[in-house]
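In the working numbering, the protein residues as written are 207 to 350.
The set of hints was computed from the structure by calculation and includes no laboratory data.
The list that follows gives simulated cross-link-like pairs (lysine to any residue, SDA-like), each with its CA atoms no further than 25 Å apart:
| id | residue 1 | residue 2 |
| --- | --- | --- |
| 1 | K242 | E300 |
| 2 | K323 | R292 |
| 3 | K313 | E230 |
| 4 | K303 | N288 |
| 5 | K313 | P256 |
| 6 | K242 | N261 |
| 7 | K242 | Q277 |
| 8 | K323 | F270 |
| 9 | K313 | F270 |
| 10 | K323 | R279 |
| 11 | K313 | C249 |
| 12 | K323 | V282 |
| 13 | K313 | Q327 |
| 14 | K242 | R289 |
| 15 | K313 | T286 |
| 16 | K323 | Q284 |
| 17 | K303 | L257 |
A quick note: this is a predicted structure, and the numbers were derived from the prediction, not measured.
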Amino acid sequence: MRVVVCLAAVVIVAGCGDAAQPAELSPREHQAEVTKDPYALTCDDLARQPLNSTNQRLVIHAEFALAEAPQLRERVEQMTSNRVGRSVYWALSEICKGREPSYQPAKAAVQAVRDGKYLVQPRPESWSRPELWSDPAVKEVAGE
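All chains should be built: construct the whole structure from the sequences, respecting the hints.
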């Protein structure tokens, strides 16, 4: 009997915790939070990115703020801050696949980039020479 009473008390106390949860943030409040703390970025933010330029800027600012994380300093030295930022975006996108919209992938993304799992490679040499892919006559001279 004593065990049943204790279990009932635990269930009642656990149920009381629901009322103490903070209210959901408005979109504007959430954007302000992510601006201050890029680790607050959610998978929903990534999914909503194509909807408007405000959402796009939010994600872009967060990915490059995360690229400046102390854990990624060595990566920035090895690569560039731009490539590390793009790598963070790739990691965020991959980690969010199949996750709840409220999931915050930033910590896992930073760790994945640090570990070398998602690293954007430099552009091929030909990308730096647009004349090779924009003028067919130059391609023939170049032997392509």
